[in-house]
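Fit chains B, C and D with the ligands to the given chain A structure using the hints.
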Amino acid sequence: MARDHGATVIRFDNVAKRYPTGHEGLSGVDLQLEAGEMAFLTGHSGAGKSTLLRLIALLERATRGQVWVNERNLNRLSRRDVPFHRREVGMIFQDHRLLHDRSVFNNVALPLVVAGMGHAEIQRRVRAALDKVGLLKKEKVFPVSLSGGEQQRVGIARALVSKPPVLLADEPTGNLDPELSREIMELFLQFNQVGVTLLIATHDIDLVRRLGRRVIRLHQGRIDSDSGAAT
Amino acid sequence: MARDHGATVIRFDNVAKRYPTGHEGLSGVDLQLEAGEMAFLTGHSGAGKSTLLRLIALLERATRGQVWVNERNLNRLSRRDVPFHRREVGMIFQDHRLLHDRSVFNNVALPLVVAGMGHAEIQRRVRAALDKVGLLKKEKVFPVSLSGGEQQRVGIARALVSKPPVLLADEPTGNLDPELSREIMELFLQFNQVGVTLLIATHDIDLVRRLGRRVIRLHQGRIDSDSGAAT
Amino acid sequence: MNGRKRPPSFRRNRNPLTWLLRHAQMALSALGRLSRSPLGTLMTAAVIGIALALPGGLHLLVDNVRGLSTTWQGAASISLFLADDVDDVQAERVRQLVDQRADVAETRLISRADALDEFRRLSGFGEAVDLIDENPLPPVVLVRPVESSTESEAVARIAAELQAYREIELAQVDLKWVQRLAAITATIERGTLILAVMLAGAVLLIIGNTIRLEIQNRQHEIEVMKLVGGTHAFIRRPFLYEGIWHGLFGATIAVLLIVGSLYLLDDSVQRLAGLYASDFALDLADPLGLAGILIGGPLLGLGGAWLAVSRHLSRIEPQ
Amino acid sequence: MNGRKRPPSFRRNRNPLTWLLRHAQMALSALGRLSRSPLGTLMTAAVIGIALALPGGLHLLVDNVRGLSTTWQGAASISLFLADDVDDVQAERVRQLVDQRADVAETRLISRADALDEFRRLSGFGEAVDLIDENPLPPVVLVRPVESSTESEAVARIAAELQAYREIELAQVDLKWVQRLAAITATIERGTLILAVMLAGAVLLIIGNTIRLEIQNRQHEIEVMKLVGGTHAFIRRPFLYEGIWHGLFGATIAVLLIVGSLYLLDDSVQRLAGLYASDFALDLADPLGLAGILIGGPLLGLGGAWLAVSRHLSRIEPQ
Ligand SMILES: Nc1ncnc2c1ncn2[C@@H]1O[C@H](COP(=O)(O)OP(=O)(O)OP(=O)(O)O)[C@@H](O)[C@H]1O
Ligand SMILES: Nc1ncnc2c1ncn2[C@@H]1O[C@H](COP(=O)(O)OP(=O)(O)OP(=O)(O)O)[C@@H](O)[C@H]1O
Ligand SMILES: [Mg+2]
Ligand SMILES: [Mg+2]
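Chains as they are written, first to last, in our numbering: chain A, 1 to 231; chain B, 1 to 231; chain C, 1 to 319; chain D, 1 to 319.
Don't read these hints as lab results, they were simulated from the structure.
Quick reminder that beta carbons are idealized off the backbone N, C-alpha and C, glycines included.
It cannot be assumed that every hint is accurate.
Have a look at the derived ranges for each label pair, beta carbon to beta carbon [stated by the list, open to error]:
# : chain 1 : residue 1 : chain 2 : residue 2 : range
1 : C       : 25        : B       : 178       : 27 to 35 Å
2 : D       : 19        : A       : 78        : 16 to 24 Å
3 : D       : 317       : B       : 128       : 29 to 37 Å
4 : C       : 37        : D       : 193       : 46 to 54 Å
5 : D       : 220       : C       : 39        : 17 to 25 Å
6 : A       : 227       : D       : 19        : 41 to 49 Å
To list a few chain B residues with every Cβ distance to chain C over 10 Å, as calculated [to be verified]:
#  : residue
7  : 31
8  : 37
9  : 63
10 : 64
11 : 162
12 : 206
13 : 209
14 : 220
15 : 225
Chain A residues, not near chain B, derived (Cβ > 12 Å throughout) [said to hold, decoys possible]:
#  : residue
16 : 81
17 : 149
18 : 193
This is chain A alone, in the form it adopts within the complex (with noise of 0.2 Å):
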């Protein structure tokens, strides 16, 4: 346990999560991640995938060890606290997670409003955000006439637009083409360059494969295989 925790942004210490049903979601997970680090999670369906990302952005909380963030111990942050650490982790959902009664760029803006930044910096931050994910010209429109691979790439724009330090995302290319997620992922690969820190859960192995970085592979709850341990 004595190594150097001044680049560890994520980490686990013997971390359950047992949810009111009973069923425990994870089970005894230690885990770590470096600031600057792109690791994959996969798993089979009810593996605990979403579990995990649940933890980390706070979601849930933690039954049993825990998880640090940015030095942070999340069992002791203060619900008045919740929020700044919300701000420092972005995230992308299987289900969007969109606003059907504000249009594409007030959606992407949520963020950053939120946090209470200026008028001028919103709108060039929320066009650039757009401009990556290929959606400029939709800012206007409202998320129902978007096609599910759009509203996925609005909700990938919402997580970037606030350039945090840990970026999380669940299935981000589920309901992508290949080209689309190809695009998507070198996105998430240059900001892996400027040093930003993400763990992607995904069912696409291929794509996983070919980018040959750090996988995470869940069963039942528990780590299966971590291709980039330093225990």
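Frame of chain A, contents of chains B, C and D with the ligands only:
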């Protein structure tokens, strides 16, 4: 135009769909699916796959041309008849569309309840459908406590439970791991063997190639290629 | 197009027993759904209850006020105070004389004794009146002019003409206290009418608003129902049952509120009734009215639900 | 644990200008959101308006009734009707005599002339009283016993003792009409109190209920806000502004309803006021009260929103 229509289940005659925004989701589509056929719909994000499926289930109406399903001209279907049409067309959605305040069992039972089926028959059929997607153990839980893939499978069970003669699926395996995807495809093949007509939108080119079924490729709202076109 | 055969029509399930059973199920499951959010249900029911209790209570009040004022309804608009030396026989002759005028519809004689009695009863002086040795009140003839002569000028003219009679000391257009009571009654009646209209509006708005928000709340549910082939009637039904339950709970609360208020008002009313003897007793405990609220509440709930659902349901289409 | 350094604390934006600007923006965007569903906003505002108008109107009514009854407040509980042959000087002596009793707190003499005046004014007979040649009313001494002797038996005992005086013809415990007026006033006051409590309850319930349903409606929005790092304060703010707007619109409607009702009531009230001369004029147009509603409405809206939001917001956590 003088072919045998007796076995035509789905038929598009020069169909276009222009959305209120002015965007053309589909343009000049001609298509025929015979009873018992199983076809895949592919194409880039925003190509119009979902739009095409939505026209068949009458979630949208064509702005030009005619759509025929089960020998009924959907343009001429009265509003009163729409629900009955939908009972004959099972649909699986990209975003599951489950009711979060009802148990898995009640979600799957919904099409049968709506059709006024008896209690005992509902029990039998729902259990059978849940068994087929491997979720019999989860019948009492609520959708929130399911993983993304499990929710997807509940959506599939709901579409299967009423044994509709036509089954539409919009990326049914987008959130499933490769093994589960294969199992679900197995299931679709079984259904196809007992005469159900299937039209499946997907990005999973490998899977499509492996099965060797008819593939309809859309590009910007037009049919780009159709491996099984009878024209 | 090219001689296609008529498309097969859809099978519809119309077994009446199934239908009845489904309705019973739906009523119960609507109740179950409401009981799962007891606080919300209670709040909605309480609001409806208050809104129903107020017009209910006002109805009783208006009725009572009407009861009080009918004694004075059709009261004369001219009072002839006869001279002090006119006895009752002469007074009756005066009445008959006046009664024969073409512009007079009706007359009534109040003898000296009657006047004192009425004064005793209404003024509240009670026994104290008996201290007065001699009846100081003159006989009075009340005169109601015919319909066509009820404008003030016509009445004033009649009064002036009658004033000319020797036996008539004073022809006063309308007794002040009759006018006052009529004015008070009119004010109260108009006020309660305004209140009743406002409250009826409130009941409709509250039920409509609640159901509008409920429907918005369950937009997703409605969409999914439509997706799997639910008919409008099927989707509407749970809302209608919820409307009925809300109305019933609201009516129950209204009845409790009215009965509770009566209980709280009881001693004041008792005192009042005692003071006015048989003249004026608030007739508040009206079992028919309460039953009406208990029946009307659910009907109102059903109606409000029907309106709100019909307006909003067709707008929600699955995406 | 192993001597780790204190984790960095989060940066918080506390620029007061930004803060003010954001608040103004939020107030406007809340207004914008409301204006996008005008019917719903109007319905909610109308319900709140009616609920506010009723207690507002009742407040005026109660005030007026109080104004009417203060004339009689502290009225004597024993009235001594003096003998017919007692003149005013003698009457004053009787008053002083009675006033010296230990169990009497206060006395007041009503001379024959005063009694007639008061009778004329209150009975409504008006000019007709002047027809009576001679004043038939005796002088009256009003007696208020000391606090400790106000139970009916004590009062009755005093009355009996006073009855023994030669000059006192009748010692009557309480004038009937004073009792009646007191009873009517008490009944109306109690009734309006019950109504006011019910209506205040209704206002709170309506606002709370509306906001509860609104929050449920926007559960998804709240979840997403929390997901992207919105603080509770940030998420709560739009609801508070909506509460304020709802309250303001409701108050405006309430004021319009009250003013409109006054207009409709105006002629009846005018007639009444005319009949009672300066004695009793409904003082309905109360600009201070209306301003109070316009200020109180938004505050009530803010309060209701705060309560509802605080109760529900923390329960909604993103899934
Ligand atoms: N809120 C919850 N309550 C109870 N059980 C839950 C809850 N959320 C998830 N689970 C269960 O925990 C297990 C892991 O779920 P998780 O969502 O982490 O799976 P996953 O690896 O993301 O699967 P998928 O690839 O299908 O999305 C599943 O069996 C699921 O049923
Ligand atoms: N309701 C709508 N209003 C306006 N435009 C719409 C609407 N729905 C879809 N579109 C547009 O129509 C086009 C086709 O959409 P569709 O959902 O059919 O694509 P898709 O092939 O299913 O894509 P994906 O693979 O991303 O789901 C897209 O460009 C989309 O933006
Ligand atoms: Mg998942
Ligand atoms: Mg699609």
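Results of checking the hints against the structure:
no.	hint	result
1	C:25 <-> B:178: 27 to 35 Å	violated (43 Å)
2	D:19 <-> A:78: 16 to 24 Å	holds (22 Å)
3	D:317 <-> B:128: 29 to 37 Å	holds (36 Å)
4	C:37 <-> D:193: 46 to 54 Å	violated (32 Å)
5	D:220 <-> C:39: 17 to 25 Å	holds (21 Å)
6	A:227 <-> D:19: 41 to 49 Å	holds (48 Å)
7	31	holds (17 Å)
8	37	holds (20 Å)
9	63	holds (16 Å)
10	64	holds (16 Å)
11	162	violated (8 Å)
12	206	holds (30 Å)
13	209	holds (31 Å)
14	220	holds (22 Å)
15	225	holds (27 Å)
16	81	holds (25 Å)
17	149	violated (3 Å)
18	193	holds (25 Å)
In this structure, the earlier hints numbered 1, 4, 11, 17 are contradicted, and the remaining ones agree with it.
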